[in-house]
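Residue numbers (the numbering used here): 7 to 180.
In case anyone wonders, no lab produced these hints; they're calculated from the structure. Quick caveat: nothing in here was measured; it's all calculated off a predicted structure. Please note that a few of the clues may not be correct.
[As the list claims (entries may be wrong)] Here are the simulated DSS-like pairs of lysine-lysine, each with C-alpha atoms no more than 30 Å apart in a straight line:
1. Lys12 <-> Lys47
2. Lys120 <-> Lys95
3. Lys120 <-> Lys12
[Unchecked claim] Okay, the calculated beta carbon distance ranges per label pair:
4. Ala125 <-> Gln151: 26 to 36 Å
5. Ser32 <-> Pro172: 20 to 30 Å
6. Phe179 <-> Asp34: 39 to 49 Å
7. Gln30 <-> Ala8: 15 to 25 Å
Cβ coordinates follow ideal geometry from the N, Cα and C atoms, glycine included.
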Amino acid sequence: MAEKIKVLLSEEEVDAKIKQIGEQISKDYEGRQVHLVCVLKGGSFFMCELAKRITVPVSLDFMSVSSYGSDTKSSGVVRIVKDLDEPLKGKDVIVIEDIVDSGHTLSYLLEMLKNREPASLRLCTLLDKPDRRVADVHVDYTGFQIPDEFVVGYGLDYDQKYRNLPYIGVVEFE
């Protein structure tokens, strides 16, 4: 089965939105340092671009979680594949995600991170699919709300392809 990619959000739109989010975070954390926690793999593209646009001091860490195992449907059980390298206690933490849909994994992850006693804990996502939300997850910084379509680019993949697209596209199967 072949697929075609239709542009949903252009590179220029994505770039402008990331700049805007960076400015808002810089304003909200003025005089403080912010600790960005990237949820791998997809969030890495967004986090790197966002970090460059934040003007307050920034530190970074990475985490990988899985709720899929070897299936294409979520098992509901969240597994930490790669944990953080640094403790969060006393830090102003922003979790960076590429996309928020059902919220199951993030709900679990945010609760777990809250137990590590950060000074503050917020969530930032490039893309939000509120129509798919099942778990109650509050997103503090949102790039774009998008329809319930399968998207790729800017870190999001289909079968490990298309992560490197500089825009957000919708996968159309032919």
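Taking the hints in turn, this is what the structure says about them:
1. Lys12 <-> Lys47: holds, 22 Å
2. Lys120 <-> Lys95: holds, 9 Å
3. Lys120 <-> Lys12: violated, 38 Å
4. Ala125 <-> Gln151: 26 to 36 Å: Roughly 29 Å apart at Cβ, these two residues keep to the hinted range, so it holds.
5. Ser32 <-> Pro172: 20 to 30 Å: holds, 23 Å
6. Phe179 <-> Asp34: 39 to 49 Å: Holds, at about 41 Å.
7. Gln30 <-> Ala8: 15 to 25 Å: violated, 40 Å
Hint violations for this structure: numbers 3 and 7, all remaining hints satisfied.
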